[in-house]
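Asker: Sequence:
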Amino acid sequence: MHGRPAPQVLGESSPSHPNRWRILGVLVLALLVTSIDHTIINVALPQLVGDLGASAAALQWIVAAYTVVFAGLLLTAGSLGDRFGRRRALAVGLFTFLAGSVLSAVAASTTMLIVGRGVMGVGGALIMPTTLSILVNSFGDPRERAKAIAIWTAASGAGIALGPIVGGLLMRSFSWSSVFWINVPLLAVAFVGTLHLVPESRDPNATRLDPIGALLSTAAIGTLVYAIIEGPEQGWTSRSTLTGVAFAAFAGAVFARWEMRRDDPMLDIRLFANRGFSGGSVALAMLFFAMAGAVFLQAQYLQFILDYTPLVAGFALVPAAVGMIVGTGAGAHLAANLGGRVAVVTGTLFAAGGVAVQAAFIDGTSYVPTGLGLLLFGLGAGIAMPAATELIMSTLPPARAGIGSAVNDTVRELGGALGVAVIGSVAASTYASNLNGDLDRIPGLTDNLRAALTDNVGAAIGASEQLGTNGAEVAQLARDAFVSSMSGALWVAVGLAVWAAVIAIVHLPRPGASVDIHIAHGDGVDHDAAVPVVATAHHAGLHRSSGGVRHTVTTVVAIAALAVGLAACGDDSTATSSATSTPAPAESSTTAPTVERPTALVDASFRIEAGQMHLRCVGSGSTTVLLIAGWGDGGESWGAVEPAIAERARVCSYARFGTGTSDAPATDQTFATQAADLHELLEEAGEPGPYVVLGHSFGGAEGVTFASEYPDEVVGLMLLDTTPPTWPEAVCAVVDDGSEAARTWLEGCAVMRDPSKDPERVDVFAAFAEVAEIGSLGDLPMTVMSADRRTLPALAAAEVTRLNAVWDDGVESWEALSTVSNVVLVEDSGHYIQVEHPDVVIDELLALVP
2 MHGRPAPQVL GESSPSHPNR WRILGVLVLA LLVTSIDHTI INVALPQLVG DLGASAAALQ
62 WIVAAYTVVF AGLLLTAGSL GDRFGRRRAL AVGLFTFLAG SVLSAVAAST TMLIVGRGVM
122 GVGGALIMPT TLSILVNSFG DPRERAKAIA IWTAASGAGI ALGPIVGGLL MRSFSWSSVF
182 WINVPLLAVA FVGTLHLVPE SRDPNATRLD PIGALLSTAA IGTLVYAIIE GPEQGWTSRS
242 TLTGVAFAAF AGAVFARWEM RRDDPMLDIR LFANRGFSGG SVALAMLFFA MAGAVFLQAQ
302 YLQFILDYTP LVAGFALVPA AVGMIVGTGA GAHLAANLGG RVAVVTGTLF AAGGVAVQAA
362 FIDGTSYVPT GLGLLLFGLG AGIAMPAATE LIMSTLPPAR AGIGSAVNDT VRELGGALGV
422 AVIGSVAAST YASNLNGDLD RIPGLTDNLR AALTDNVGAA IGASEQLGTN GAEVAQLARD
482 AFVSSMSGAL WVAVGLAVWA AVIAIVHLPR PGASVDIHIA HGDGVDHDAA VPVVATAHHA
542 GLHRSSGGVR HTVTTVVAIA ALAVGLAACG DDSTATSSAT STPAPAESST TAPTVERPTA
602 LVDASFRIEA GQMHLRCVGS GSTTVLLIAG WGDGGESWGA VEPAIAERAR VCSYARFGTG
662 TSDAPATDQT FATQAADLHE LLEEAGEPGP YVVLGHSFGG AEGVTFASEY PDEVVGLMLL
722 DTTPPTWPEA VCAVVDDGSE AARTWLEGCA VMRDPSKDPE RVDVFAAFAE VAEIGSLGDL
782 PMTVMSADRR TLPALAAAEV TRLNAVWDDG VESWEALSTV SNVVLVEDSG HYIQVEHPDV
842 VIDELLALVP
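According to this note's numbering, the residues represented by the sequence shown are 2 to 851, in order.
Hints were generated in silico from the structure; no laboratory data involved.
Predicted, not measured: the structure shown is a model, and the values here were computed from it.
By construction, the Cβ of each residue, glycine as well, lies at the ideal position given by its N, Cα and C atoms.
A hint or two may mislead.
[Said to hold, decoys possible] If you anchor each label on the Cβ, the simulated ranges turn out as follows:
| hint | residue 1 | residue 2 | range |
| --- | --- | --- | --- |
| 1 | Leu339 | Ala473 | 51 to 59 Å |
| 2 | Gly779 | Gln613 | 33 to 41 Å |
| 3 | Gly236 | Glu828 | 45 to 53 Å |
| 4 | Val736 | Gln613 | 38 to 46 Å |
| 5 | Trp22 | Asn338 | 22 to 30 Å |
| 6 | Gly236 | Arg258 | 27 to 35 Å |
| 7 | Glu771 | Asn823 | 19 to 27 Å |
| 8 | Asn805 | Gly365 | 45 to 53 Å |
| 9 | Val107 | Ala601 | 18 to 26 Å |
| 10 | Asn823 | Glu681 | 24 to 32 Å |
The task is simple: from the sequences and hints, build the whole structure.
Answerer: Okay, structure coming up:
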């Protein structure tokens, strides 16, 4: 028993399964689910921030967990399918993917969701290579097999394009969990079809289990993908990234040496000596490199520059899917008549042309270059990918199709991950460099604000809203810088696609070429025999020459060098630009802030001097928004605004009133003492400033007090339906006209006058007397939001008029506190504006967040 195939003529016809086209339908359905889940999760990320309190790092791993596990287990999964049976592996993969989908859908925390996505990655690693190997064994006729592979390839690409569209449609009507529940019926149908239609097949010369090889390959690929994903965040030249890349290279080298020394390797490294196998693998990797990097930038371009919604942006990617569908048909015809080499070269050149159209003509105003470029790229990918896949798979006998499929899928995943990392890094560093120079013309920008503007275009557009008259100019500068950086980065993708075409021209076998077959016999001794084989689009021999290995290694090393080199240059250019364009010392633009900002969800009680208080904090950012609820409101109403705020900033709310929140005597409670309690609570929980304070009703008075007590830590203040300093005395002077409304009103005032009725409430009148002494908040930006009309049913008209006048005078008094103030009247609203008009509140509040 050994892992190298016995001598045979490759590419010859064999009997096909009578239900092969039905089998293909089951395989395509299974493949679609794994492909869609690469991209469908992206549209659900904003809701995850609010519902699960996901931090930025958690969001990154929710997306990455699937890819890391998926890519890391592909080789192992392909080998297991060859040994234990492909139908069994497919069924196990479908069941595992379904279990992971359900676990993700019911996740109550980000940790549980990340675990669920990892389980889905295990299922995907079993499904994807198995579907291709079953396909190869079901279609014996080479021409039919080529058509089936073209359909398989189109389904893979279409699934990636359909992900944002399907997700956008689901999110219009359902919660984030719907992007996982949608998998359940599809997987159930595929599972039943697998059991009833898919035949069992395995490698008759299957290798013995290779746990060491499996561990080494998983460690090498998983670590490399992890380093690529974390590279943009940690820095491409950071110790963690370089350590990850070095470990991946070491594990990969040990894996290659281990496999070459085994008589029955999990992966015969000598496969890469074959021009069709290695050339097709490298061409596919570089094609996916260009595609993934381009799509990564297009998603931002469509939403931030052209201002498309996620759903519209998803539909805007449809031309790529249409082009791929058309291209697969054209590519199959081209490969059948002129050979796979011509198809791969033609397709990669079309793909390069599609990216070049976007790089040359995008201007930030029109979708036309993007749509045309996507169509051409999809057409080229549709032509090239089936032929390249067929060249890879035809170098192996059907019995070894599992490991061949795993290699095919692995190079796709690695190429895509590298494309996002490298092309994304090039775009990010160029954007920062360009914008830093342009911002020199804008006066009064602080170092922190400049850093926020140059971080990414989305942050820049959001931050520009608080810059007053300069805001529109800054937003346009950011858009122009992004478009320019995207164009430059796309030219890198063009170069890589052209490089893939060159590799195809030089290394892929020509039609009619005679090649040598490297044969391994069961005696463990290698023999070389010159066997004439016609290399067509459907088969190629295993070449003795090491040229395939050499150009494969050369390409991988060149791509790695390009990744690190471009990213390092980008980091240097960014640092230099920041240092020269800002009057502050150079290290201020490159040194991390001294205050470590929290990102984890906080939802716990803390003991402070005043007693026990409960705090909830979600989101991430350089500013924390403090939500201070009104009298008697435990904070439940913040659910209407908290998720949207958490997308832009860290947001904290706390329970001030209620059982067990404070042990201090009532007479000691004022807004000043509660502001001190809040500050102590934030310190105890590790939630540092700066703060933007949002106070509702009586919480607004506490917010004003907090801002006056800690002026160096508060950078913005917003008051909702907030009472003026003299409000309690004025409103409690209401005339008892015998109405139910007057009686209820006066009963509430009686409670305010007697704090002993609720020892955890402040002495309202004493507290407001202190607030009334606050003369000014200086130049603190402040927004006051008030209901435009206040209807008090059944209360005497004269009293309604008087109370409204008191309210209006109070709003004016609050406005006068700040020299940078703004009053927003919300028409037809009751007391809880943040519940009834959350969109207005969110827009006004985010304008205050630096």
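Asker: Taking the hints in turn, state whether each one holds.
Answerer: Structure-based check of each hint:
{"no.": "1", "hint": "Leu339 with Ala473: 51 to 59 Å", "verdict": "55 Å, holds"}
{"no.": "2", "hint": "Gly779 with Gln613: 33 to 41 Å", "verdict": "34 Å, holds"}
{"no.": "3", "hint": "Gly236 with Glu828: 45 to 53 Å", "verdict": "50 Å, holds"}
{"no.": "4", "hint": "Val736 with Gln613: 38 to 46 Å", "verdict": "41 Å, holds"}
{"no.": "5", "hint": "Trp22 with Asn338: 22 to 30 Å", "verdict": "23 Å, holds"}
{"no.": "6", "hint": "Gly236 with Arg258: 27 to 35 Å", "verdict": "31 Å, holds"}
{"no.": "7", "hint": "Glu771 with Asn823: 19 to 27 Å", "verdict": "25 Å, holds"}
{"no.": "8", "hint": "Asn805 with Gly365: 45 to 53 Å", "verdict": "48 Å, holds"}
{"no.": "9", "hint": "Val107 with Ala601: 18 to 26 Å", "verdict": "21 Å, holds"}
{"no.": "10", "hint": "Asn823 with Glu681: 24 to 32 Å", "verdict": "31 Å, holds"}
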